[in-house]
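Visitor: In case you want the letters, here they are:
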Amino acid sequence: MSIAAEQATDVRARGLTPIWTCAAVVFLLCSLAIGVLAGPIDLGVGAVLESAAAHLHIPGFTSSLTPTEEAILWQIRVPRVILAALVGAMLALAGATYQGVFRNPLADPYLLGVAAGAGLGATIAIAYLPEGLRGQRALPMAAFVGGAVAVLLTYAVGRSARRERDAATLVLAGVTVAAFFTAWQTFVQQQNAETLQQVYSWILGNIPSTGWSDVILILPYVAVAVVVILALRRVVDVLSLGDDEAASLGIDVRRVRLALVVAATLGTAAAVAVSGLIGFVGIIVPHAIRLVSGVGYRALLPLSVIIGAGFLVLADVVARTALSPAEIPLGVVTAFFGAPFFALVLRTTRGGGS
Amino acid sequence: MNAIELQGVTVVLGGRPVVDRIDASVAEGEWLALIGPNGAGKTTLLRAIARLVSFSGAIALGGRSIRDLPRVELARLIAVVPQEPSTPPWMTVAEYVLLGRTPHLGALAKEGKRDREAAAQALARLDLLEFRGRRLGTLSGGEKQRAVVARALAQEAKIVLLDEPTAALDIGHQQQAFDLLDALRAESGLTLVAAMHDLTLAAQYADRMVLLDAGRVAADGTPRDVLTEELIASHYGASIDIVPVGDRLAVIPRRERRLTEP
Chain A
53 MSIAAEQATD
63 VRARGLTPIW
73 TCAAVVFLLC
83 SLAIGVLAGP
93 IDLGVGAVLE
103 SAAAHLHIPG
113 FTSSLTPTEE
123 AILWQIRVPR
133 VILAALVGAM
143 LALAGATYQG
153 VFRNPLADPY
163 LLGVAAGAGL
173 GATIAIAYLP
183 EGLRGQRALP
193 MAAFVGGAVA
203 VLLTYAVGRS
213 ARRERDAATL
223 VLAGVTVAAF
233 FTAWQTFVQQ
243 QNAETLQQVY
253 SWILGNIPST
263 GWSDVILILP
273 YVAVAVVVIL
283 ALRRVVDVLS
293 LGDDEAASLG
303 IDVRRVRLAL
313 VVAATLGTAA
323 AVAVSGLIGF
333 VGIIVPHAIR
343 LVSGVGYRAL
353 LPLSVIIGAG
363 FLVLADVVAR
373 TALSPAEIPL
383 GVVTAFFGAP
393 FFALVLRTTR
403 GGGS
Chain B
7 MNAIELQGVT
17 VVLGGRPVVD
27 RIDASVAEGE
37 WLALIGPNGA
47 GKTTLLRAIA
57 RLVSFSGAIA
67 LGGRSIRDLP
77 RVELARLIAV
87 VPQEPSTPPW
97 MTVAEYVLLG
107 RTPHLGALAK
117 EGKRDREAAA
127 QALARLDLLE
137 FRGRRLGTLS
147 GGEKQRAVVA
157 RALAQEAKIV
167 LLDEPTAALD
177 IGHQQQAFDL
187 LDALRAESGL
197 TLVAAMHDLT
207 LAAQYADRMV
217 LLDAGRVAAD
227 GTPRDVLTEE
237 LIASHYGASI
247 DIVPVGDRLA
257 VIPRRERRLT
267 EP
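As they're listed, the protein sequences go chains A and B. For the first sequence, position 54 matches number 106 in our numbering, and the numbering has no gaps at all. For the second sequence, position 81 matches number 87 in our numbering, and the numbering has no gaps at all.
Read the hints as simulated data drawn from the structure, not as lab findings. On a predicted model such as this, the values are computed, not experimentally measured, just so you know. Hints are not guaranteed to be accurate.
Sample of chain A residues facing chain B (criterion: CB under 10 Å; computed from the structure) [claimed, not checked]: (1) R66; (2) T69; (3) P70; (4) V78; (5) E297; (6) V344.
Beta carbons are placed, not taken as given, at the ideal position from N, Cα and C, and that holds for glycine.
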């Protein structure tokens, strides 16, 4: 027994190791810096740092930027970078959470009909709301409501199947609801062909340059989702044993799964509401982390938040600078770079013992 | 007081009673082997005792109905070694065995020193300490099976339900696993209920045997009472010889030439 007691310090789960945490944080900080500095107008590293110091009221610093440059930095670039970081963190975290909860490596943040519901909400807002109302407030709210309604409906359908302990039932219900909402959305779109362009550009996904209002809109949802999911991250490891074994280890599977899915879904609905449909983030980021580090969910979930944030900031930089002044839809960028990157990671780590 | 008390336990699956009005009790510290042909209801009965399937009738642990117990408390009383445990390939042996500590942790808590010691002890008892950093995906079937038993031990429950726990083990590791469970039973009054197909093996370890057939108790008693040529013939459709070896029993199948048409 004394041998066991001595060895006990070695018997531990791989949590967030300092190396992976540092690497992730450095990646995020670099991404944020690139996101703030990149753009059609060159603000200069020194001037940006001075301005930041001045805004933080550090004595002895005054900004050397012109008022216009100040506005570009603080009203356009910084909020856009933060918005991209929030959306990326949320999508990556939701993807990792769904993969754990549903024990399906291909589960993505749009699994339970969020995307279809949000798409319908946004399409209705674009097609039927008067021009003036359509803008900054109404569209995200309509998309959020659509996404949330779709998920509630998915739950209702899943529960009515009376096999509530079976995760697959919920996924099938999600597919059903998504098909229905997509059909409805297509119908509305066809009836209002003049708004096709606008609907289309929303569906392709974009981080809007709308200042701080969208950041404030989604921050509470993302914050709650991140706190709830990270608090339960050890339980996600238990859930990966399947419903029965998790239950025999004392987990109230239904309740825990509900908490995790609701948190991930509400966060996703909020993210989709401001950014449209940005694919691949929720699959690529968790899988890349898994393939490189081989960690379980307790480390994967927090790492997904950090890496997901950095990843989408970089993708957004590409979206707005590659063909400047035109913007490429962000959803196109994530798919275009995401898929080959994923193939590369898959190839280089194949047979790495996982 | 009995560790487990079953009264009229019935489990209906797909409109058919898979477990049918079973009355039985298991004394504290007893080793009960559940035997019976495929589809007799052994696994389902174990699942009912762990409240993994809904049942009618009453199941009590130490006098307390399991319906009244919160999940966490139930998991502190009963550990389950399933027939086909899922062993995520990316998980290390240490991480896997530590999951056995889940019922002793709050939903939001992390494992502490006490949990790591319990896991290390369980690993040591199953000769798995050196494997602690290995991924489950790199283990052999037998090593995995031992990790599953180690996880159940780390749970430190007084009752362990085992569903064909050693089917994947060679005879040496079978013996090791059962000797270990037997030693734990003597040391700490562990109560064991194991569904078993290997009747000879079951006869070496079990104090008592319950023979199930079509969801009903067909026989209940010591191995000598239950392992008779007539009972095995009528419920398994097998022709065997029961051979006493000292005070133990061996079940040996008879080879019968089943002639085919020329």
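Visitor: So which of the earlier hints does this model not fit?
Guide: 2, 3, 4, 6
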